[in-house]
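Protein chains in written order, with my numbering: chain L, 9 to 301; chain F, 28 to 346; chain D, 49 to 460.
Simulated from the structure, these hints should not be mistaken for lab results. Hints are supplied without guarantee of correctness; some may be wrong.
[Said to hold, decoys possible] Selected chain D positions facing chain L (Cβ under 8 Å, derived; list incomplete):
| id | residue |
| --- | --- |
| 1 | 77 |
| 2 | 107 |
| 3 | 108 |
| 4 | 117 |
| 5 | 122 |
| 6 | 235 |
| 7 | 294 |
Backbone N, C-alpha and C fix where the C-beta goes; we use that ideal spot for every residue, glycine too.
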Amino acid sequence: MSNTMDGIDFAAIVDKERASKQRNWLALTAAVIISAVWVVPFYYLAISIFKTTEEYSLNHPLSLPSGLAPVVENAVTAWTHAKMGAGLWNSALYGFLGAGIAVFIAALAAYGLSRIDFKRKNLWFMLIFSGTIFPLQMYLIPLFFFYQKVGILNTHFGMVLFYSAICIPFPVLVLRNYMNGIPRDMDEAARMDGASEFTIFRRIVLPNCWGPITATFLLQFTWIWNDLLFSTVLANRAEVRSIMNALQVFQGSYSSTGPNVVLTAAVIASAPSIMMFMLLRKHFMEGMRVSGS
Amino acid sequence: MTSNGQNPSDQEILDRIGWSQIRANERKLQRKNFWVAFAFMLPAILLVSSLLLAPVAFNVYLSFTKWAKFKGIDQFAGIANYVRLGTNPFFADALYNTSIWVVASIVFPLAIGLALAVFLRGVPFENLFKNIIFIPRILAPTAVGVLWFYVYAPDGVVNRFLGFVTGGDVDIGWLYQENTVTPAIIATFVWQSVGLVMVLILLGLSAIPRDPIEAARIDGASSGQVFRHIVLPLLLPTLLVVTILSVLAGFTVFDLLWVMGASYPGQRTLSLAVFMYFEAFQKGSWAFGSAIAVIIGIVVFSVTWIQAVLQHRVDRMMR
Amino acid sequence: MKLKSLITATVTACLVTAGSLSASADDVELVHDKGFWSEALQKVGDSAGEKTGNKIIESAYSAPEQYKAFIQSSVASGDMPDMFTWWTGGIFAELVETGAIAELDGIWEELIASGDFDPSVRDFYKVGDHIYGVPLHLSRWIALYNKKQFEEAGISEPKTWDELMAAADKLKAAGFTPFHATTQDGWRGFIWFQEIMLRTDPEAYKGLHDGTVAYDSDAVRNAFKIWSDWYAKGYFSDPRSNEEAADFARGKGAIYLIGDWAIGLVEAAGMKADEEFGAFIMPNQDPALPSSVIIEGGPIVLSKAALDKPDVVNALKYFVSVDGANAWAAASGNALGNKNATPPNSVVAKVNADVDANGTLAFDRWWEAVPADIQGEAVAEFNRFMLDPTMETAESVMSNIQALNAEYWANR
Chain L
9 MSNTMDGIDF AAIVDKERAS KQRNWLALTA AVIISAVWVV PFYYLAISIF KTTEEYSLNH
69 PLSLPSGLAP VVENAVTAWT HAKMGAGLWN SALYGFLGAG IAVFIAALAA YGLSRIDFKR
129 KNLWFMLIFS GTIFPLQMYL IPLFFFYQKV GILNTHFGMV LFYSAICIPF PVLVLRNYMN
189 GIPRDMDEAA RMDGASEFTI FRRIVLPNCW GPITATFLLQ FTWIWNDLLF STVLANRAEV
249 RSIMNALQVF QGSYSSTGPN VVLTAAVIAS APSIMMFMLL RKHFMEGMRV SGS
Chain F
28 MTSNGQNPSD QEILDRIGWS QIRANERKLQ RKNFWVAFAF MLPAILLVSS LLLAPVAFNV
88 YLSFTKWAKF KGIDQFAGIA NYVRLGTNPF FADALYNTSI WVVASIVFPL AIGLALAVFL
148 RGVPFENLFK NIIFIPRILA PTAVGVLWFY VYAPDGVVNR FLGFVTGGDV DIGWLYQENT
208 VTPAIIATFV WQSVGLVMVL ILLGLSAIPR DPIEAARIDG ASSGQVFRHI VLPLLLPTLL
268 VVTILSVLAG FTVFDLLWVM GASYPGQRTL SLAVFMYFEA FQKGSWAFGS AIAVIIGIVV
328 FSVTWIQAVL QHRVDRMMR
Chain D
49 MKLKSLITAT VTACLVTAGS LSASADDVEL VHDKGFWSEA LQKVGDSAGE KTGNKIIESA
109 YSAPEQYKAF IQSSVASGDM PDMFTWWTGG IFAELVETGA IAELDGIWEE LIASGDFDPS
169 VRDFYKVGDH IYGVPLHLSR WIALYNKKQF EEAGISEPKT WDELMAAADK LKAAGFTPFH
229 ATTQDGWRGF IWFQEIMLRT DPEAYKGLHD GTVAYDSDAV RNAFKIWSDW YAKGYFSDPR
289 SNEEAADFAR GKGAIYLIGD WAIGLVEAAG MKADEEFGAF IMPNQDPALP SSVIIEGGPI
349 VLSKAALDKP DVVNALKYFV SVDGANAWAA ASGNALGNKN ATPPNSVVAK VNADVDANGT
409 LAFDRWWEAV PADIQGEAVA EFNRFMLDPT METAESVMSN IQALNAEYWA NR
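Please build the complete structure, drawing on both the sequences and the hints.
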């Protein structure tokens, strides 16, 4: 797979000509001004978590903090009051299991849809893919009552189950297209030798698909990690709620904690996904690419 | 499988090669293949149909019933819930704001993303700037909402900046007033999502062949002309995909409205998605809420349909 | 094989986490939506474990609307939590009418016989002929005031409406903001409305809640006029604060109208009770009217099935016992109406004394008394007024709420 983008390095752009030096200076100034729209909020975030509530309320929002120490207390307050430990653990569990199971099941289905010949393939593909064309709001009420009835409302199991289901359709699309492009000679040879279909899937097709599998896994993991809606509706109890739910509630219901503490909580809640992005940037960008085409 | 051009009767040939046998075998193989493939698809089919498709069907059914709050007993109510939409004082506003979101999430991310992609090419340190603009995309909308909630606060960064520019005290309650709340949240949405749009457009630009551009240059075309007549048409498929991605994202946005709209008294009217949540979960009007969900579904389907039509046209144009 | 181990891990993890949610047999779960009291409730729960052997395990729902939906659906499916918190008023009657809630008449007989509770508290949880709840907390809605600012403005606790007005003027003249009110969290808009209604026309205030008085009637318009007038005079603090209690502690408003549960929040924000802030009951506009105060009494209820479980009944009884009330007061600053328990702080003790001295009458809080169906929309309308406190907005707020109100009562 040719990877045109190494990280966020978009080298292969049509027009590589550099304009004249003067134009460069003008453009640079303009770019700095434009990027300030993105830099300033982050700068504000970065300094606010180092302020005490008192310091925050008295000073200009963009003024530098007087020291770095308050971040510890802010983090401790956020951590204990918003029960962030439980939230992070729950979200990690939902993300890894939900996305992992979904992508594995999607790979299975994609194998059936791409490497085996049978009639009306498209119909079956559409059946699975149709799970992603409805707005999320249409799932909420029935799932809420169904989960309550079956007794899996507010359980880890119920959340993993739902996330596994909702994260299947998109990877099926991506993996089916990808598997269609892998040459078939190996399968046929293996079949001749009497290998079972599952063996072919596991030994031949799957090892060739780690790229798109990782990319879709990361996309789905991020989706689950970022999800607020379903974790609010299906797992609202403090023991099972997600980190995003914890963050949203923390912002709303703590009249005695200042913005500095809530912003610290936002940083804690985002840190894992940012770190994952930094570590696996290549795969993330690959995921963006497949989702855009 | 080539025939060698002699002339025995068709039937003879078929008999000679055992055609009926082959056909029977093939059908058997097809059937066997189907069941093997089905076994591979089964987990996906089970999960998708029980947890996604069945709820959608039930939601549609629910929208035609009347539910008692605590009992959950349902009676068939016909289109009563849909009639109620017409008389509800908040539905029209929610629909109006939703359509603003649809339009805004087509126009702004695309226009700004395209402008940034074109502008940043060739600027010194261009990768640094692209990275900076892309970063918010990594964050969860909930976290972004929390950040901007405070950025928009009455004594927050936005008002301080405006105060600095105008030289006076600016005290706008961005997230508290009807006329500013939706634009403010849309701005945050664009702030977060334009990075991805820019990246995708850059990918599309990089796929455009250089030859026609250079040929046009040699013929004396200005860069504006090159852009309009060569780059833009070739970029059209990318732009279309990007538009669809951002309009669906913008249309179904919930987290940002939930977090940033919390201080606005008319929060329930910020979009159909929020309105539905309020009716169903805050008021316990389950059947009414599911009718709103159906309306949301209809709007999503119309947008998807328009996309399919446009996609088809562009595909034909490109050929 | 990576995938195989992934699947094994999945299955085990699901089994383990499913198992970890069930607690020990003697433990009793208290389901609630007051996440901000989680730690305090758990302290009471732990002390229940020490004293009775039935530890209470608190389990918090994060969002009130999700919590209501959860209880609704669990009543519908017949699989309810044994012990959970709820609200009084119309929404309480709705819950009781399902027949799924246990009658606590027997428990209340004991509570009154022991002298712990006044019968008036019991009546708070009465629906029809029976009692269905015990107090989680019993809070009076009082005016907290900044003692330092009162001193600098040269005023003392206002005893009459005229004194209140004079106090506001003097505070304003001394450079302070007299009244503190915000729209934080979206539910606070009713606070000053209910107070002004109660102080100007208590009969109309009651009438609002049974549909006999309209939200666009003259009594309501009069209340809005007073409210709008106070805003025009600059009496109120910025309604857009998201740190209400902290802002009161910072001196951004001198008189803070709130439930007495907020005393703990103000103390946590760094203001000392009694030394730096005190409390009084708001005076009536007409001096001839009897002293009155708004009471909020969030109940704990049991499911019908739970009444047969001795562990649950034990835990409930402990919660309202003197020991339980003291543990609760120490942990959260909340009172729950047990006469033999120690008041949670000196401010509450002072208000208790005032109430006893004046024979102060108790009124339901607007939040509970208003029909649950229009509660959310109506309070959002009050918030809208606070953000734009003109009579023009007031008129549209009144007509919007009345439209909802009329529709609700017409469909009864």
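- prompt: Okay, which hints does this one fail, numbers in order?
  reply: When the structure is compared with the hints, numbers 1, 6 turn out to be violated.
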